[in-house]
Amino acid sequence: MTASAPSRLLTLMLAALVVALMAASLMTGPAQFPFGSVWKALVSDQGVETIIVRDIRLPRTLLAMSIGATFGLAGASLQGLLRNPLAEPSLFGAPQAAAAAASAIMAFGFANALSIAVPLGGIAGALLSVGALVAIAGRRASLTVTLLAGLALASLAGAAIALILNLAPNPFIALEIAFWLLGSLQDRSMAHVWLAAPFMIASWLILALNAGAFRALALGEDAAASLGVNVERTRILVVIGVALGVGAAVSVAGAISFVGLVAPHLVRRFYGSDPARTMLPAALAGAALLIAADIAVRLVPVAVEIKIGVVTALIGVPFFLAMIFRERRVLEDSTT
Amino acid sequence: MLRMDVIKRLGSFSIEASIISEDRVTGLFGMSGAGKTSLVNMIAGLLQPDRGIISIDGDTLDDTTASIHVPSHRRRIGYVFQDARLFPQMSVRQNLDYGRRMNRLEPNADEQTRVADLLDIGQLLDRRPGHLSGGERQRIALGRALLAKPRMLLLDEPLGSLDVERKAEILPYLIRLRDETGVPMVYVSHNADELRQLAGHIVLIKRGRVIASGGTELLPS
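As they're listed, the protein sequences go chains B and F.
Residues 1 to 336 (this note's numbering) are what the first sequence spells out, left to right.
Residues 337 to 557 (this note's numbering) are what the second sequence spells out, left to right.
Chain B with its partners taken away, still in its complex shape (with noise of 0.2 Å):
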């Protein structure tokens, strides 16, 4: 099936947005650089500031575009298998579960930060939160079950991590813990981008796999059923997809939240109804986002830069009010 060529259009437009934020970010700092010698100071050695450009903002902006993408994508892929716009891993607490998972190995000295024990552990606290989810939601979930179950899912993540606070070995771990689950860029080496890289393209190859089915959920699981898509086979896909994503994502950057929810949604209305079609432009919708958001922690002029989680949230919590009070009739229906 080909695309529409505006839509085509459009999606070319955001991949050379991603691209142009990118520049920028490798650009934006306490030192700000022009372009030309950005670029000088990519391929050539240029001194300090190759050091500033190579070791500080290329791994921060890599792990901004792969984050991004990464959550933009997973939004976008449990929209699709459950139908269901709203749903998204950090309402139910995906990130908040990988973080537990990751947060416990690093306070009890399990493993050190670049250790691959906190991608796997992260992995695995996620695919404990969507796989449940998942399983509670079932078959013919309705809104208000799929909501309720990722609410209880998110309070039991989040009473894990006040756990492992309440027992850190001691405050400044408790402290290093807190504003690590803030969620940040910052500081982050090309180590880390090594870390959670193959898990977060993993995960993107799992779920783009998984377009196809997607497009005939769309009339239904029976009607998919009945055209041949093995809906049990992508359901297993998508939870493990996702858990791989989002568990490797939030083990080198901290808990990010609701990118998920507003990638997908900002770009739907272009592509129409086929929730095949918004996977790509979605996860460049959510690149997009966390590189503009992790470029404007950087120009705010505070002692202490503020954590990108921090904005995510406070872009994303009324935005979803917003969804709400939208799909408000949608919702009171199905409590009926």
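Simulated from the structure, these hints should not be mistaken for lab results.
Computed from a prediction, not measured in an experiment: that's the story for all the values here.
Every residue, glycine too, gets a C-beta built ideally from N, C-alpha and C.
A hint or two may mislead.
[Stated by the list, open to error] Some chain F residues flagged as far from chain B (calculated, every beta-carbon gap over 12 Å):
id, residue
1, Asp341
2, Ser348
3, Thr400
4, Glu442
5, Arg450
6, Gln459
7, Leu498
8, Pro520
9, Ala528
10, Leu534
11, Pro556
[Said to hold, decoys possible] Residues from chain B that face chain F, not an exhaustive set, calculated with beta carbons under 10 Å:
id, residue
12, Arg215
13, Leu219
14, Gly220
15, Asp222
16, Ala225
17, Leu227
18, Val229
19, Val231
20, Gly272
21, Ser273
22, Asp274
23, Arg277
Given chain B, work out where chain F should sit, using these hints.
Below, chain F alone, put in the same frame as chain B:
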């Protein structure tokens, strides 16, 4: 031949039904809520019986004593619902081709022409479903199900959302389908007239039980 002998609990409601039909069209007749849709969902593999067997032409699809449950996407059973459930973003041609592609069948131009002629939808192929009438949409849904080469077609109140004139317009196509394709059908309806014209074997369903089965003379007039 369709054989099913199943028991299924659904909350406070239960289904215990035994159906054997060798007719080309088996009509399930009953009030809404009698359990007709649950029965066809079991044939489609969307619901798994708690106990019992389901087989079509000797192929076992469900057998709880032998732990057999063929998943629904492997049953090759076409399902047409009350609403046509077409993809609004695709042309009629792409919609028709979808079932074939999902079941990884070779494209077959003769087969496509034959089905398009049978259902009189050849002139609609390049249009989008959004601009078509309910009757036209339902014919396309039938075509899509047929082109996936099903061993059986399940039709759950396929005329349920159409007005009387549209119903009269589609029934001849269903009769043609019955007489020309040779694909056995299970037709669910609470409309005795529809079943009288289409079905050879009637199964009366009430509160999850088969209360009678036999010829069309069982239908209330």
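A quick look at each hint next to the structure:
1. With a closest Cβ-Cβ approach of about 23 Å to chain B, aspartate 341(F) is found to remain outside the 12 Å limit, as its non-interface label requires.
2. Its beta-carbon lying about 18 Å from the closest one in chain B, serine 348(F) satisfies the requirement of being farther than 12 Å from that chain.
3. Under the 12 Å C-beta cut-off, the non-interface status given to threonine 400(F) relative to chain B holds; the minimum distance is some 18 Å.
4. With a closest Cβ-Cβ approach of about 15 Å to chain B, glutamate 442(F) is found to remain outside the 12 Å limit, as its non-interface label requires.
5. The non-interface label for arginine 450(F) is consistent with chain B: the shortest C-beta to C-beta separation is roughly 20 Å, beyond 12 Å.
6. Every beta carbon of chain B lies more than 12 Å from that of glutamine 459(F), the smallest distance being close to 22 Å; the non-interface claim holds.
7. Even its closest Cβ contact with chain B, about 18 Å, leaves leucine 498(F) beyond 12 Å, as expected for a residue assigned away from the interface.
8. Remark: the non-interface label on proline 520(F) is consistent with the geometry, its nearest Cβ contact in chain B lying 16 Å away (cut-off 12 Å).
9. The beta carbon of alanine 528(F) is kept farther than 12 Å from every beta carbon of chain B, the shortest such distance being approximately 26 Å.
10. For leucine 534(F), the requirement that its beta carbon stay farther than 12 Å from each beta carbon of chain B is met, with the minimum near 20 Å.
11. Against the 12 Å criterion, proline 556(F) stays outside the reach of chain B, whose nearest CB is about 29 Å from its own CB.
12. A cut of 10 Å between beta carbons decides the hint on arginine 215(B): the least distance to chain F is about 7 Å, and the hint holds.
13. Interface restraint check: leucine 219(B) against chain F, minimum CB-CB distance 4 Å, threshold 10 Å, status holds.
14. With a cut of 10 Å, the hint placing glycine 220(B) at the interface with chain F holds, because the nearest CB-to-CB distance is about 6 Å.
15. Of the supplied interface hints, the one on aspartate 222(B) holds, with its beta-carbon coming within about 5 Å of a beta-carbon of chain F, less than 10 Å.
16. At a threshold of 10 Å, the smallest CB-CB gap from alanine 225(B) to chain F is about 4 Å, leaving the interface hint in force.
17. Taking 10 Å as the C-beta contact cut-off toward chain F, the hint placing leucine 227(B) at the interface holds, the least distance being around 5 Å.
18. Look at valine 229(B): its Cβ gets to within about 6 Å of chain F, closer than 10 Å, so that hint holds up.
19. With a cut of 10 Å, the hint placing valine 231(B) at the interface with chain F holds, because the nearest CB-to-CB distance is about 7 Å.
20. Residue-level restraint check for glycine 272(B) holds (minimum Cβ-Cβ distance to chain F is 5 Å; threshold 10 Å).
21. Taken as an interface hint, serine 273(B) checks out: its beta carbon lies about 6 Å from the nearest beta carbon of chain F, inside 10 Å.
22. Hint status for aspartate 274(B): holds, given a least beta-carbon distance of 5 Å to chain F, under 10 Å.
23. The beta carbon of arginine 277(B) is positioned within 10 Å of a beta carbon in chain F (closest approach about 8 Å), and the interface hint is therefore held.
Taken one by one, the earlier hints all hold for this structure without exception.
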